[in-house]
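Okay, here's what each chain looks like letter by letter:
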Amino acid sequence: MKKLLLVVFVLAATIFMGQQITVIGPWSGAEKDAFMPVLEKFEEQTAIEVQYQIYRAEDLANLLPAQFATKRTPGDVIFMWTSFMEKNTEHIVNLSDIIKPENFRPGALDNVTVDGEIIGIPYTGKVKPGFWYRKSFFEEHGLTEPKTWDEFVALLEDISKIEGITAPIASGNGVGWPLSDVTEHFILTFGGAELQKDLIAGNVNWTGETAKKPINKLASLLSEGYFGEPVEWTTVLEQWWQGQYGLYFMGQWLTGMVDDPSDLGVLALPGNEAVVFALDYAFIPKYSKNVDAAKQLIEFLAGPEGQTAQVEQGGHIASANGVPLDAYPPVDREIAELLEGKATVNDLDDSIGGMWQTTFWDQLKLLWVRPGRLDSVLESLQSKMP
Amino acid sequence: MELRKARISNFVVFVLPALFLLAVFVLYPTFRTIFMSFVGPEGELTLQNYQSVFASGDIINFKNIQQGQFPFGTLVHNALWIAIHLPLTTFLGLFLATLLRDVKGGAIIKSVIFLGMVMPLVVGGIMIRFMFDGNIGIVNLFFKTLGLPTQTWTAYPETSLLALIFGSVWLWTGFSMIIYSAGLETIPKTYYEAAEIDGASKLRIFFSITIPMLKPITVVVVTMTLLWELKIFDIVYVATMGGPGGSSNVLALQMYLYGFRAWDFNKAAVMAVLITGLTIFAAIPLIRSAGEENVQ
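Those protein sequences? They're chains X and B, same order as listed. Okay, so the first sequence: first residue is 1 according to the working numbering, each after it adds one. Okay, so the second sequence: first residue is 387 according to the working numbering, each after it adds one.
Since no wrong hints were added, every one of them can be taken at face value.
If the Cβ cut is set under 8 Å, some of the chain B residues that face chain X in the computed set are: (1) Asn521; (2) Gln537; (3) Thr538; (4) Ala541; (5) Tyr542; (6) Met627; (7) Gly631; (8) Gly632; (9) Leu643; (10) Phe646; (11) Ala648; (12) Trp649.
Derived by calculation from the structure, the hints in this document are not laboratory data. Even for Gly, the Cβ is constructed at its ideal location relative to N, Cα and C.
Pulled out of the complex, with its shape left as it was, chain B reads as follows (with noise of 0.2 Å):
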């Protein structure tokens, strides 16, 4: 009875307090805005909203995709962030972390290395939109030393998306290799000296031990990293407002753009909702992760 009585005034005190939290916060602002995506005009339920957005061209523009031109629309421009961004920085990560363990000096790299992941996403947007400039930018600087042809990248359709997501890999780069370091260290040492006295190479050790023992960090890198690229918003804003010509536009943008912009805020609510749900689904590895964990 004590027993019970205790578990009741835990819950109260430790745990109502959280949920209501949650539910004023979290819950009710997910449900409304659920709710606004399937608000018409007129205050009618209705799909009128999905309709229009999803016919606009704006999340997928088909006819453009059909003739190979810029803008695809902000779901494939996302997935290209995706496609390209995701492997090149996790990779990078995992290299660095590799590279940089037990080297003299390492922390002080990896410290300069991190110092992106530190740094406001509007900063970083100003300094990709300078990076890729015709007249200032280092990007130019290089290809000039190679004889390269050169221009304001971020100014043209075919180029700008490209240069938006190439210019943030120094952005989220020091991310996973700051996760992957930290995973490094939880490989115990004896499982290299194993290998070694069995004559493994290096590479083999790499693939065979480091990988695998690196698995449940990847997850969270991966995830992590998804997440980022899925709300990507305040580097595009900066760096070219999703143009020219929506050519480098993002999911999150053209909601923005639809709230307050177009102070359509059922619109901007249908995007919201397709972020919300692509999120939940890229956060499922991780969940499922948290969860075999517990397990064990």
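Chain X on its own, in the form it takes in the complex (with noise of 0.2 Å):
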């Protein structure tokens, strides 16, 4: 009989008990930090538990083929690169009942919307501005921002001529995507927010006039030294910030990464009209076995109430309508309000991504120490597309 009772009991608490899921995500650290608040406001509202997993996408890339395979899943909710999404269509759950184009910025939803489907959702994301440097070093050796690109040469002859500067531009190495985010720079600044949109869609070849044009600007750069050697990206960010580079490229996060943000200033290529909006982005498994739930926290992350709660932590930007320019702090707002005037466009590398994406970052390493190679480079990068 007591054994009965305990059998009872047992089957009563799992019923009753609240759901659980679980969410797998690349952010650690600072970043974890930032993120937990949005669940922790989810799970009050819901009453649904959300369990944290930190891996990288690298690492998801080698986890779920074989988990689908097996028609098992690590989380309920994954953020994972859009390319992997669209190649493994079959595996996820359509989103398109709850999700709705018109609440997000326009573009957002591009790379999660396949055969009209939507199979996943944009979240917050960072912006790349241009190149950061230190007002004090400006100050110190008489720099301006440039309004041409013969000013912005003539900049980085400048400091190039300052005892002590390893080189002009800081090149951050270790991962891929340091060396392609100037390089998208360079494409967006010279060949507009068409052309990424176009190289995305293999609309443009690699090896045409057209895309050769912004990187060779780049490549005439590298040809005269002006970009120092790749080195591991948080090694040269202490090193550009004593002041043996002058200037840095670098995505938002970076004003989370120095000891005096109000020091900062930040400029984009003479002419720019255009930057990258890096948007994370999550999808459901069809293996999940807390559809509902997932879906509730999916809707709660896409929309303006959990963007706001991620906004107001620092670093990210809202892709979702109706987040209050308020609820960011200073420095983001300020980006925040930069975007409304510029065309906002998707990381290039992010949204080919697979095969290409590893093959890009590795020639750009290559382009950045034998820049005379930039046509075996963009031959490369043609026979990788998919």
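Hints in hand, dock the two standalone chains.
Structure, rendered in structure tokens:
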């Protein structure tokens, strides 16, 4: 009798116990700390318990295919590359019934819309505005922001003559994206937002003159030695902050990585009218045992309420409409306002993804040290296009 | 009759479970991988994957070989690993084992050298990256002392592969040294005493007694090193990810890239078949040597 009661109790506890879902994302450390309040707010509203697990997208790319093949999933909501989602649509829940394009910034859903179906959500994102510099460094050496390309080159020449300078522009390495971010800025400046969109869609050939022109501009600076040798990106950040380099191209998250953000200035290449708005995307695997609860979380993360909770933590820009500007910390508010006047595009290599992304990162490392091999770099990029 | 029954029951109890595990975890995946390498995008049987992989230049890049510039292709890069790393680690291991034999404190020195062998290769890869770094690398510190030019050696196409090969010598030398040390202990001391009485020089003794007596050990060392070099992955993945521009890429990493970057498991299977074929070819001397020992 006692045993029977125990079984009944366990069954009842299982039935009435609150639901639990697992979210998998790439953020650790300070970034995780900024994400947890969002999940906590969701838990308060829904009484659904959320567990957060950290997996880098690179690791998920190894793990998920095997899990999906056995109809399993390590999480109910997973933040991942859109190129992966596109390749695995048969394993992903269609979200068209709960996600509506009119509730987002224009183009935010482009990367997660496959054959008219919405397979993921755009969460918040980060902007890559241009080359960061220390205002105190510029003041000390009498440097000013350039208005034309010639002035920009002259600025680099002036910086190169400063004693103790390794190179005018720092080059981040160790991971692939720092060099690709700079390259995209050149593409957007000298080819415009349309070129970036065409390259993502595969409408423009990498070996053609249209694509070559902006990268040639970059190669000309590399040939002159204005960019430093690629160094692990956080190490070179320290070196740039200490004055070994004059400029460093990085996304807005840099503001949270320096001792004194008020000393930061940022300059885009003269003539630039578009910026990369790199969004994080999430999806629900079909094999989730809590699809309904996961959908609730997805709706929350994609909506203004969840995204407001995230942007309040700093370092993020919302993709959803309806997030008030005063929710942003002052530094991010400036960037959010800046976005209003500029064209935004998706990150080039994140959008194409797959083997091409790895090739892009790797070929740029080659271009950085051997700019004379530009043609073979572009041929490699074209040959790996999906 | 009893004996036959006992043989059958022994077979069922001791051999069948092993055969079952072998079939599930080795034979099935092997044949499945070979099959996958011949499956096309529409599920048809084809040679298209092989043609595509070999025509891509990822395996052998004839154009760059003609121009004399990296990357030469992953197969050539693995061949370079073998050509440089194999003799270096084998001879260095033999040299150290001979040098430290019967030396006071030799065991401690051997343990220190063996540390590279027990270290996870991922850690080894990170250490190589830092060793050859332009700012903080120990290699550049040494070059600076000699007044030689310095740079981040893993960042340039001409030097990245060589940096990985030379940088990994210390990781593997411990293996050959320990195996040779064990082999040296098996040579009877009387051989050396007889040779000394006959007036043979140390060099003559080394080449006429030590080297021939270590032949079975050398087969093991060379084969195991060859296999290690053919499936090298971790060090390259961590230190350079095969770059810049594929100049330090290797077969196993290319297999990974096809599988988990391009999500093209059929092309990855082609690479797996190629690596397996090369590995079996490399293991023949070891298998033959083991067979000879059994006959004796």
